[in-house]
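Chains as they are written, first to last, in the numbering used here: chain P, 1 to 765; chain C, 1 to 81.
Since the hints were made in silico from the structure, they are not lab data.
Keep in mind it's a predicted model, so treat the numbers as computed, not measured.
Virtual Cβ for every residue (Gly too), placed ideally from N, Cα, C.
Check before you lean on any hint, since a few could be wrong.
Listed next, the stretches of chain C that the computed footprint assigns to chain P, with coverage defined by at least 3 CB atoms under 8 Å from CB atoms of chain P [what the hints assert, rightly or not]:
#1 25 to 36
#2 40 to 51
#3 58 to 65
Each chain, written out:
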Amino acid sequence: MKKRLRWQVRGLSFGQTNRHLLEERIELEQLQQRLDDQRQEQAADIHKLDFEIAGLNRRIEETTNRIHQIQKEVKLQETVPTGGKGRMGEMLVSRGIITAAQLEHVILSQKQYGGRLGDILVDMGFVTPEQMIQEMSDARPKERLGEMLVRSEYITQEQLERALSFQAKSGGMLGDILLSLQMLEPEELYRAVATQNQIGRLGEEIDLNVPFKLPEQWAQDNGVIVVHQYLNRYLVAVGDPIPVERYAELEELLGMPFEQVLATKEELEHLFSSNYGNEMLKQSTSKLKEQQPENSASTTFTFGQIMIFAIVSLSIIVGLIWNVWGTILVVNLLIQLFYFIMTIFKFAIIYLGSRTNSQLRFTPEEIAALDEKSLPIYTILVPMYKEAGVIPHLIRNLERLDYPKSKLDVRLLIEDDDIETKELLSSMNLPAYYTTLVVPDSLPKTKPKACNYGLIRARGEYAVIYDAEDQPDADQLKKVMAAFNSLPEEYVCIQAKLNYFNSSQNLLTRWFTQEYSMWFELLLPGIMKLDMPVPLGGTSNHFKVSVLKNINAWDPYNVTEDADLGIRLYKSGYKTAIIDSRTWEEANSQVGNWIRQRSRWIKGYMQTWLVHMRNPFKLIKEIGWKGFLGFQVMILATPLLPLLNPIFWVLILLWFGWEAEFIPKLFPGYLYYIAGAEFYVANFLFIFSNVAGVYWIINDMEEKGEKRFSFSLVKYGLSIPLYWVLMSIAAIKAAWQLITKPFYWEKTVHGLTEMNEENLLQEKL
Amino acid sequence: MRTNGIIGNGTAWLGYHAGDVEEMMKLVAESRQEVEKILMEEREVYITESASKTNEIVELRSLLEKVQAEERAIIGGEIPK
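Produce the entire structure from the sequences given, and follow the hints as far as they go.
In structure tokens:
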């Protein structure tokens with residue numbers, strides 16, 4: 001008793017003690033954080049000092065070796081190891097200012113890290129800055145790039161004139177034009193530009209063991225990267241000479257003077273990937289998740305959603321126990337109403353979409369009248385995975401694009417483990433406006449992650465995504481630019497229409513073509529006309545890059561990142577337009593492959609619906625009632641209807657086959673009429689809309705004098721209910737995957753079609 | 001540690017036992033002291049190391065200047081090869 005009393009008197013409340021302990025623990029954590037920071041800072045400082053010591057030791061050793069060489073009167077190699085670079089050095093040797101051994105050292109250092117010969121000579125103490133200034137005083141004044149290239153015999157006068165005539169027509173930088181015409185190699189051009197600007201070129205054996213890294217964002221914004229540290233300055237690689245007004249800022253960041261060396265676009269990409277690869281990868285996978293977790297599909301079901309599903313399921317179970325037929329009847333009524341509303345609304349959208357002014361149209365004359373000089377740099381992102389076989393077709397299709405090549409920034413995004421594609425691309429001598437980017441291996445391994453990675457260093461003001469097997473209409477980029485120019489500012493995305501070049505391959509590709517014709521020729525234009533959120537198609541969506549970056553681009557956790565992006569753009573107050581330009585893709589021709597692709601699409605729509613319906617009231621506030629209804633028609637009905645269909649197909653079979661007795665109980669009078677109307681009218685409308693889509697595209701193409709499809713395609717519309725069965729199989733698979741592996745990307749195999757068919761079509765055109 | 005265990009003859013729910021609290025606070029305080037100690041020690045080690053390295057750099061710089069001057073002198077013919 002005494003013991004107990006003593007405890008109660010001295011006892012401390014849980015709350016008070018926990019608070020006290022929490023404060024103490026926070027302080028402890030802060031101290032530990034300080035310790036970590038201190039360790040990091042100190043390690044960096046010590047590394048810097050070690051680096052300098054190692055550099056000094058190396059140079060002392062080198063100088064001592066040279067003295068020994070001279071003292072032993074070893075005959076030094078008098079030949080200069082490199083051609084053009086050695087001119088200044090040779091002159092200095094011949095005047096007896098430096099020895100050939102010193103020059104050899106300088107050239108080796110220049111080869112390794114890059115930079116100007118004079119600076120390295122001064123840095124190594126072989127000449128004084130005053131001597132150097134004196135030797136440079138008779139240097140050639142800055143001359144024009146074209147003249148310099150002709151004088152240095154990199155290009156001929158005729159080539160220069162041809163490039164200048166291109167420049168007069170399309171604008172852009174002379175260097176980019178020369179590269180796009182493949183008149184010289186990037187290394188040669190950049191060496192000349194470096195000489196013109198009196199800066200050095202990047203060395204060949206850069207070792208990125210530099211104790212200092214610029215903040216990633218600054219480095220990305222300015223295209224500057226630290227590549228080496230000399231005793232008194234940093235060597236920074238740049239794509240373009242740094243503007244003078246940035247000098248002070250950079251010096252302040254570095255805490256030391258700097259010397260800039262010019263790197264080609266490819267070298268700079270490589271440097272950024274090596275130096276900031278982890279940061280770029282993190283940005284590609286987590287930026288949206290960190291900055292807008294409410295819009296990220298990284299969480300599939302929120303706690304609230306699980307609770308709502310649990311409550312609804314529980315209510316149905318309780319209802320079934322309480323009154324089986326009554327409950328089934330209510331559920332059936334709700335489903336029939338859903339079917340009814342969706343059918344009416346979808347058909348209304350399709351009807352509106354069938355008006356010719358529902359999509360943006362431009363005549364060939366209007367496109368020809370575009371001033372090419374006003375065209376901006378356009379980034380083309382091509383994510384691909386194990387599609388080496390399609391690459392030659394891809395290159396050919398991109399080359400066909402009618403857009404000044406010097407204003408293209410084509411970024412081929414390949415995965416780290418795709419050895420075959422990597423090897424093929426490195427063996428191809430692609431023009432300089434192609435950049436191959438290897439996306440480091442990490443999870444989630446999805447197309448949107450690759451696109452985000454590719455977008456970080458995109459040079460274009462506008463960007464588009466194409467799949468590797470895509471064949472965009474040649475004038476698509478120009479049409480899009482004409483569209484952006486004619487639309488108000490809030491239009492930041494333009495979707496081109498997709499369709500298939502291998503429609504006649506088999507029954508599946510015919511069905512698929514009918515579906516796509518309805519979706520892209522009628523449904524999406526109708527959505528645009530009604531000003532509702534547009535679920536974007538997987539490719540050929542063109543964006544204003546600044547806005548795309550602002551809204552954190554694609555969600556790497558969403559397997560239909562395109563549809564999700566369309567919704568997020570609309571939520572942010574931006575609009576999407578549909579343009580009358582097509583991209584021809586390869587329709588899946590194998591059932592298994594088709595189901596894999598479709599299950600991914602349906603799973604993605606489910607993810608998108610779950611993400612944006614986390615707070616339905618907020619969603620209504622953001623996109624309005626009309627947008628909300630459109631969202632349900634496009635994003636909810638697409639996966640839900642194929643899931644519900646099999647139930648009613650079984651009921652129909654049971655009724656017509658065996659006249660099952662329980663069926664009339666499910667469809668009393670009023671419900672029977674609704675369901676009957678859906679069975680006869682809605683099924684007709686859905687088949688009709690597919691047929692209408694085909695008629696529409698054939699007619700539209702005929703008006704333009706083109707022919708891709710024949711009217712014989714129409715009859716396959718009658719068998720399309722079999723296609724809906726496949727869709728239901730895919731939907732069931734998708735629902736299962738949503739729970740078991742929501743972020744898993746079901747890869748679609750491309751290149752199953754004989755590309756000969758595509759060639760034949762091209763010839764036919 | 002929570003006092004829902006047996007204390008004396010009964011079960012107590014009112015709070016932590018004062019002895020336990022003392023023990024917990026002691027543990028936290030000890031960890032803190034330990035981190036503070038490491039912080040101080042590492043700082044001292046760093047200061048010493050960085051001072052020694054800075055000195056080494058100064059010495060190496062002067063040595064480099066010396067050997068470079070010697071090399072220049074040899075090239076200039078001031079010192080016979």
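Which constraints among the numbered hints does this structure fail? Numbers only, ascending.
Hints that this structure does not satisfy do not exist here, as all of them hold.
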